[in-house]
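Residues per chain are reported as follows:
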Amino acid sequence: MNKIDSLKKYIVKDILKLDCGKEISNFPIAYETYGELNEKKDNSILIFHALTGDQFPCGKNPITNKEGWWSYALGPNKAIDTNKFFVISTNVIGGCMGSFGPSSIDPSTNKPYGSNFPVITINDMVNAQNFLLDYLKIKKLFAVIGGSMGGMQVLQFVSNFPNKAEVAIPIACTASHSAQNIALNELGRQAIMADREWDKGRYLENDKLPSKGLAVARMAAHITYLSKKGLQEKFGRKLQERDALKFGFEADFQIESYLRYQGSVFVDRFDANSYLYITRAMDYFDLTKQFKGNLSDAFKRSKTKFFIISFTSDWLYPTLENREIVIALNAIGADVGFIEVTSDKGHDSFLLDVPDFLNAVKNFLNNSYRNIHETRI
Amino acid sequence: MKQEFKIISSLIEKNSKILDVGCGNGELMKYILENISNNIRGLEISKKNVQSCIEKGLTVIEGNAELDLGQFPDKSFNYVILSQTLQAFLSPEKVLYELLRVGRKAIVTIPNFGHWKVRVDLLFKGTMPVTENLPNEWYNTPNLHMCTIKDFVTFCNKRGLKLSKSISLSGKKVSYIEEKNLNYKNLSSELGIFEIEKLNESNNS
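From first to last, the protein sequence lines are chains H and V. So the first sequence is numbered by the numbering used here: it starts at 1 and just counts up by one. So the second sequence is numbered by the numbering used here: it starts at 1001 and just counts up by one.
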C-alpha cells in the first residue's frame, strides 16, 4: 500500500453530476481537520487550496515531509486560530493527494484514468466538498476562506450554498478567469504535453514521467506568482556560484538556478495530469457568465458577510479583478469589506509572512465570530 | 470631537442603514454601531485606517470616495455621512451629489472657515489660519476647498438642496443655525453640521 492510500478519506457514495455531463460516484475526497468542533457546532471553517495545494495547510505534510502551504496563516494562535476554530481542509477533486483525480485507478480498466479522467470545474470541486460537510454533519460553517483558486472556490461555494457560510474571505482571486491567466495556464499545459514522457496522459501505466515538461510549467507559473520588484530585490543579476559569465546555457544567474530548483522539487510532489485538469478548471471559471453577465446575481440569495483581500503587487489576480467582486456585492447591498494589502511579494503574498494580511484575516475572523456568536447588539 | 459624533448620531434614526464616507479610523462608526445601528459600513482611502477599522470589527471598503461611490445603487442607504472631509475633495460638488444619490439623506460636517479665530489670524497676523479643526499649514493641508458655513448654506440654497437640519458647534456649545442668525453663527461656529436632502425628492416621499 503506498502512502497516498493511507491518507484520511471520505468515499462519496452519492452521485455527483459534473458540469461536463458525466456522473461520478463512489469517489474519495481526502481531507484533514484541525482544532475542535465546539458544542454549539458554530466554529467550523472550510478552507480551499490553490492550484498546487492539498489538504495539509499546516504541520508537516506526511507525503512531502514539507511544512504545510499555509503555515503562516493557520495554526494555534495564528490568523486562522485552530485553538478557536475547527478547520476542515480537503484536496480538490482532480488533485493528486488522495482525492479522486487522474492518477486514481479506473475500476473498469484497472489502470490510472490519465487523460480519460473527466474534465472538472470549480463548481464540481465545491459540490464534491459539500458531500464531505454532510458526512461531517456540518450544517452551517462559520467561514469559508481561500486564496487564488481557493478564492474562486469561496465565490462558487457561496453562490451554490448561499446560507451555509456566515462569512466568506476570497483572497487574491477573480470571478472570471482572464485571457492572460488562460494564456499562462495554456503555456504550462503545452510544456507538459510537449514532453514525450507525457505519453498522451498514459505515463503512469507506462512507467514514464513527464518531469521536464512539468518542471517547465512550474517554472513559468512560479514567475507569475512573484513581482518584478520582488525578483529584482531578491536576485537582481546575481551570479550563481561563479564570478563571471560562463558563455553557455548553464544556470549563470541565481534566478535561473532558483527556478530550476523550483521546477525540480515540484515534479516530486505533483502529478502532471492533475496540473492539466486543475488549470483547466481555473480557465473554465466564469461565475459572471454563469449568471448571464450579472455577477451580483451569484450572491443575491446569500446573507454571507464578505471580506475581500487583494495585494498591490499581484499582477496575476490584480486588485481591479478583486474589486469587481466588491462592486457586484455592493450593487445588491451585501455586507462586504475590502482591503488591498501593500506587499512586494506578488500573488504569493497570501502564502507568505505578510503581517498586514495576516492581521487583517485574524481581526476579521475573530471580530466577526464575536459579533455573530458572542454578543447581541 | 466626541461632541460632533453625538450630534451626528442624534440625527440618525435607530437601525437605519448607514455609509460613512471617509470613515478614518472608524471612531464615529464604532460610536454609531454601539449606540444607534449595527447596519453601518465605511469607505476609506488610507490603508492604515482601513486596518484600524478591521481591528475594531467594522465593515470597511478601501476606496476613494471620488471614484468609488458610483458602485452603490441609488438610495441604498438611509444616511450617508461625510465628516469634515468635503473640503478635501477635488470636486466637492460632485461628491455631494453622489452622497445624495446613494443616500436618502446626507449628513455633512464642515470646519467653518468663517470662524472668528480664522478671521483674526488672517486679519491681524496675515497668515493662513492654523486652528484645532484646521491643524495643517498651507503647504501641507489636504483641504483644497475650504468654505464658510455661509458659503455652504448659500450653495445648498442655490442648488435646491434642502438643509433639513443645520447645527452649529462651538467648543461644547450646540445651537441651531437659522436664516436670521446665519451671519452670527458664521462667526461663532467652529463646525457646521448639516442634514441634507434633495428638495424635489423629499417632496415626493
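Just so you know, these hints were derived from the structure itself, not from any lab. Treat the hints with caution; some may be incorrect.
Said to hold, decoys possible - As a list, the in silico EDC-like pairs of lysine to aspartate or glutamate whose alpha-carbon atoms are at most 16 Å apart:
(1) 289(H) with 324(H)
(2) 1047(V) with 356(H)
(3) 212(H) with 199(H)
(4) 229(H) with 344(H)
(5) 238(H) with 252(H)
(6) 1125(V) with 1137(V)
(7) 1056(V) with 256(H)
(8) 1048(V) with 356(H)
(9) 1017(V) with 335(H)
(10) 1047(V) with 335(H)
(11) 139(H) with 252(H)
(12) 1056(V) with 1074(V)
(13) 1048(V) with 340(H)
(14) 305(H) with 199(H)
(15) 238(H) with 256(H)
(16) 140(H) with 166(H)
(17) 362(H) with 1034(V)
(18) 234(H) with 344(H)
(19) 1048(V) with 1027(V)
(20) 1075(V) with 1055(V)
(21) 111(H) with 166(H)
Said to hold, decoys possible - Covered by chain V, per the in silico footprint, the following chain H stretches (three or more residues, Cβ under 8 Å):
(22) 58-72
(23) 228-235
(24) 318-331
(25) 355-362
Each residue gets a CB set at the ideal place from its N, CA and C atoms; glycine is no exception.
Outcome of the hint check:
no.: 1; hint: 289(H) with 324(H); result: holds, 14 Å
no.: 2; hint: 1047(V) with 356(H); result: holds, 10 Å
no.: 3; hint: 212(H) with 199(H); result: holds, 13 Å
no.: 4; hint: 229(H) with 344(H); result: holds, 7 Å
no.: 5; hint: 238(H) with 252(H); result: holds, 9 Å
no.: 6; hint: 1125(V) with 1137(V); result: holds, 14 Å
no.: 7; hint: 1056(V) with 256(H); result: violated, 45 Å
no.: 8; hint: 1048(V) with 356(H); result: holds, 9 Å
no.: 9; hint: 1017(V) with 335(H); result: holds, 11 Å
no.: 10; hint: 1047(V) with 335(H); result: violated, 19 Å
no.: 11; hint: 139(H) with 252(H); result: violated, 56 Å
no.: 12; hint: 1056(V) with 1074(V); result: violated, 28 Å
no.: 13; hint: 1048(V) with 340(H); result: holds, 11 Å
no.: 14; hint: 305(H) with 199(H); result: violated, 47 Å
no.: 15; hint: 238(H) with 256(H); result: holds, 10 Å
no.: 16; hint: 140(H) with 166(H); result: holds, 8 Å
no.: 17; hint: 362(H) with 1034(V); result: violated, 22 Å
no.: 18; hint: 234(H) with 344(H); result: holds, 11 Å
no.: 19; hint: 1048(V) with 1027(V); result: holds, 14 Å
no.: 20; hint: 1075(V) with 1055(V); result: violated, 29 Å
no.: 21; hint: 111(H) with 166(H); result: violated, 42 Å
no.: 22; hint: 58-72; result: violated (count 0)
no.: 23; hint: 228-235; result: violated (count 0)
no.: 24; hint: 318-331; result: holds (count 4)
no.: 25; hint: 355-362; result: holds (count 3)
Of the numbered hints listed earlier, those contradicted by the structure are 7, 10, 11, 12, 14, 17, 20, 21, 22, 23.
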